[in-house]
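A.B. asks: So the chains spell out like this:
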Amino acid sequence: MTNTLDFFVLFLKSAVVAGTPLLFAIIGAIYNEKAGNLNLGIEGMMLLGAVAGFQAALSTQNPLASLLSACVFGALGALIYAFLTVTLRTNQVVTGLALTIFGSGMARFWGQNVMGQVLSESFSRYFRPLSFPFLAKIPILGPILSVFLEQDLFVYFGYAIAILSGIYLYNTRWGLNLRAVGGNTAAADASGINITLYKYVHILMGGALCGLGGAYLSVVFVPSWQENITAGRGWIAVALVIFTSWNPYKALWGALLFGGLDIVGFRIQSLNIPVNQYFLRMLPYLATLMVIIIGSIRKSSKHNPPKDLGNAYFREER
Amino acid sequence: MQIVNRSGTSTKQIILIRFIAILAAIVVSSIFIGFLGYNPFTVYQNMLKGSLGSTIRFRATLLEMIPLVVTSLGILIAFKMKFWNIGGEGQILMGAFAASFVALRIDGIPDFLMLPLIFLAGFLMGGLWALIPAYFKARFGANETIMTLMLNYIALQFITYLQFGPWRDPKAMGFPKIANFPDSALLPKLFGIHIGLIISILLVVVVTWFMRNTKKGFEIAVVGESFATARYAGMNVSQVILFAMLLSGGLCGITGVIQTSGVNKTLTMNISSGYGFSAIITTWLSGLKAPMVLLVSFLFAILLQGGSYIQSALQIPQSAADVLQGMILFCILGSEFFVRYKIRFRKKEHPNNGGVSP
Numbered sequence: 001m002t003n004t005l006d007f008f009v010l011f012l013k014s015a016v017v018a019g020t021p022l023l024f025a026i027i028g029a030i031y032n033e034k035a036g037n038l039n040l041g042i043e044g045m046m047l048l049g050a051v052a053g054f055q056a057a058l059s060t061q062n063p064l065a066s067l068l069s070a071c072v073f074g075a076l077g078a079l080i081y082a083f084l085t086v087t088l089r090t091n092q093v094v095t096g097l098a099l100t101i102f103g104s105g106m107a108r109f110w111g112q113n114v115m116g117q118v119l120s121e122s123f124s125r126y127f128r129p130l131s132f133p134f135l136a137k138i139p140i141l142g143p144i145l146s147v148f149l150e151q152d153l154f155v156y157f158g159y160a161i162a163i164l165s166g167i168y169l170y171n172t173r174w175g176l177n178l179r180a181v182g183g184n185t186a187a188a189d190a191s192g193i194n195i196t197l198y199k200y201v202h203i204l205m206g207g208a209l210c211g212l213g214g215a216y217l218s219v220v221f222v223p224s225w226q227e228n229i230t231a232g233r234g235w236i237a238v239a240l241v242i243f244t245s246w247n248p249y250k251a252l253w254g255a256l257l258f259g260g261l262d263i264v265g266f267r268i269q270s271l272n273i274p275v276n277q278y279f280l281r282m283l284p285y286l287a288t289l290m291v292i293i294i295g296s297i298r299k300s301s302k303h304n305p306p307k308d309l310g311n312a313y314f315r316e317e318r
Numbered sequence: 001m002q003i004v005n006r007s008g009t010s011t012k013q014i015i016l017i018r019f020i021a022i023l024a025a026i027v028v029s030s031i032f033i034g035f036l037g038y039n040p041f042t043v044y045q046n047m048l049k050g051s052l053g054s055t056i057r058f059r060a061t062l063l064e065m066i067p068l069v070v071t072s073l074g075i076l077i078a079f080k081m082k083f084w085n086i087g088g089e090g091q092i093l094m095g096a097f098a099a100s101f102v103a104l105r106i107d108g109i110p111d112f113l114m115l116p117l118i119f120l121a122g123f124l125m126g127g128l129w130a131l132i133p134a135y136f137k138a139r140f141g142a143n144e145t146i147m148t149l150m151l152n153y154i155a156l157q158f159i160t161y162l163q164f165g166p167w168r169d170p171k172a173m174g175f176p177k178i179a180n181f182p183d184s185a186l187l188p189k190l191f192g193i194h195i196g197l198i199i200s201i202l203l204v205v206v207v208t209w210f211m212r213n214t215k216k217g218f219e220i221a222v223v224g225e226s227f228a229t230a231r232y233a234g235m236n237v238s239q240v241i242l243f244a245m246l247l248s249g250g251l252c253g254i255t256g257v258i259q260t261s262g263v264n265k266t267l268t269m270n271i272s273s274g275y276g277f278s279a280i281i282t283t284w285l286s287g288l289k290a291p292m293v294l295l296v297s298f299l300f301a302i303l304l305q306g307g308s309y310i311q312s313a314l315q316i317p318q319s320a321a322d323v324l325q326g327m328i329l330f331c332i333l334g335s336e337f338f339v340r341y342k343i344r345f346r347k348k349e350h351p352n353n354g355g356v357s358p
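Heads up: the sequence lines are chains A and R, in that order.
When the letters of the first sequence are read in order and numbered with my numbering, they come out as residues 1 to 318.
When the letters of the second sequence are read in order and numbered with my numbering, they come out as residues 1 to 358.
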């Protein structure tokens with residue numbers, strides 16, 4: 001009995017870890033989409049952040065420098081996207097794809113000389129999971145709490161970002177304005193909101209968060225450099241935005257669920273249960289496909305995307 | 001400063017703007033190359049030498065161009081409908097899978113039927129793979145971008161499974177590879193290049209004709225403009241989407257057939273090698289015009305082949321070429337703004353005229 005419980009606690013703990021890059025990316029994508037921009041460059045910005053964070057970690061051995069550089073490079077990718085889609089009003093889908101192509105090329109290029117290198121012990125200790133031995137003494141509640149609390153500081157940062165983003169979106173004036181920008185750009189413009197500024201700021205914020213998500217992969221989760229380290233997680237995040245109906249609080253659960261799917265194959269194999277490993281590796285993608293399909297079948301008015309999502313706004317074309 | 005709509009940009013202006021965009025792309029690329037510590041001119045010279053400098057290299061460039069052309073034609077049909085098919089990779093893989101199934105797993109096919117059959121199988125399988133997202137898009141409005149992309153990963157795992165599992169060639173001495181195609185399933189060569197080149201050029205002609213002169217081609221374009229207009233005109237939008245995606249995925253599937261039968265001689269998990277994504281760029285740069293696909297794909301093939309040449313000649317990693325691709329795409333995307341809008345600089349009004357409007 002305790003063995004099964006231990007197994008589940010361990011499984012959920014690693015699901016939280018595996019879900020953390022997704023969490024950052026989902027929230028980054030939410031900011032983009034709330035500003036009315038469908039950004040398919042999430043994967044590219046994650047890769048930019050992953051390589052920038054890893055390189056900075058390697059050369060400075062400083063965790064803050066690593067996170068900062070991941071933020072900056074994620075946001076730089078977002079800046080290109082924002083300039084093209086907001087100022088030059090290019091097609092958002094194609095521009096996002098271009099950003100992903102650029103980001104993955106950049107990551108491959110910049111990461112080439114550190115391929116397979118592992119971060120030093122002195123750096124990794126900053127991201128060691130906290131431990132609270134007293135939790136083990138509390139029955140039932142203890143193990144559940146330990147799943148979420150016995151994590152590294154980066155994971156805590158993810159919780160904080162999710163909750164702060166929720167408060168920002170639903171309980172502040174800026175958040176209200178932002179939702180207006182994505183929901184009805186023309187009306188927001190008429191009410192005196194600076195559309196361009198709001199779009200730029202939130203697309204850049206989103207990019208910085210995606211960069212952090214990527215950096216979590218390369219700096220904490222793996223933690224060494226490998227090509228295409230995100231393996232489609234950016235795309236899964238784009239799908240999960242729909243799954244979590246553009247809500248940062250729900251993003252916490254979405255990330256946990258898909259973090260679990262990400263590692264379930266690995267766990268099942270360790271139990272020696274004969275399941276096809278290629279099928280297990282397919283699981284997150286299959287599940288994402290299902291999420292999209294089921295989400296589109298049971299559409300409800302409550303969970304609709306921002307109304308002006310994907311529309312380039314030009315005041316004179318109204 | 002004020003931004004206004006351009007009404008009816010002339011072809012001459014469009015060409016000029018595109019030319020400036022390419023120039024800008026070259027300037028940005030040169031800065032990047034200079035930043036790497038190389039002389040941009042040496043690099044460009046070597047890229048041209050490596051892609052056009054000899055018959056063998058020119059052939060290699062054409063070999064890069066063929067899959068780009070065929071895949072781009074497939075993507076073009078989808079994009080014309082504003083159906084963002086980024087599942088080219090998966091459709092290529094599944095087309096290659098079907099071709100390999102026919103070539104390797106079915107006995108007793110007469111030699112003269114082999115090639116037509118593998119092309120048919122590849123076309124249908126690629127088309128079917130694209131019909132999955134097309135159906136859910138048409139029926140429920142599900143997001144096709146993510147569906148097509150997820151299907152890429154699923155196809156890739158499937159082919160990897162075949163290569164390392166049931167289809168692994170026992171004669172390959174433990175090396176995880178699938179058996180080679182029989183000779184009857186290999187594309188014949190003409191002037192040292194497999195006939196995929198001819199097929200790709202023929203397909204350009206066919207798709208150009210299809211989009212310009214057929215009712216279905218017209219319907220695809222109308223659905224792309226607006227679902228509402230298409231419905232109002234009495235078109236069956238769902239049917240148009242399904243048909244177009246069968247063609248789109250089918251063409252990508254044919255790329256898979258050409259690459260297995262003409263280049264690799266067997267199925268591998270690397271068969272699509274990024275063509276599904278590169279074709280998105282070439283398609284967009286072609287302005288969704290089939291004849292332009294040929295030109296753009298050729299230029300892009302120079303970039304790819306030249307990129308792999310400078311890796312050996314100048315020790316510049318090939319991924320640098322990937323970065324360049326992204327930069328070029330950004331510049332050309334940005335230039336579309338100037339095709340659609342013009343910027344008017346207004347002079348400051350003279351203070352004496354203040355407030356009095358004529």
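No lab work stands behind these hints: they were computed from the structure.
Please note: incorrect hints may appear among the correct ones.
Under the rule of at most 20 Å between Cα atoms (straight-line distance), these lysine to any residue pairs were calculated in the SDA-like manner [to be verified]: (1) R:K342 x A:Y313; (2) A:K307 x A:F134; (3) R:K342 x A:L88; (4) A:K13 x A:F134; (5) A:K307 x R:K289; (6) R:K289 x A:F134.
Remember, it's a predicted structure, so these values are computed and weren't measured experimentally.
A.B. asks: Against each hint, give a clear statement of whether it holds in the structure.
C.D. replies: Structure-based check of all given hints:
1. Pair hint K342 of chain R plus Y313 of chain A holds up; C-alpha atoms about 16 Å apart against a cutoff of 20 Å.
2. The straight-line distance between the Cα atoms of K307 of chain A and F134 of chain A is roughly 49 Å, outside the 20 Å bound, and the hint therefore fails.
3. A distance of roughly 11 Å separates the Cα atoms of K342 of chain R and L88 of chain A; the hinted pair therefore holds under the 20 Å criterion.
4. A C-alpha spacing of about 17 Å is found between K13 of chain A and F134 of chain A, which places the hinted pair at or below 20 Å, so the restraint holds.
5. A distance of roughly 31 Å separates the Cα atoms of K307 of chain A and K289 of chain R; the hinted pair therefore is violated under the 20 Å criterion.
6. For the hint linking K289 of chain R to F134 of chain A, the alpha-carbon distance of about 68 Å lies beyond 20 Å, and the restraint is violated.
Of the hints listed earlier, those the structure fails to meet are numbers 2, 5, 6, in rising order.
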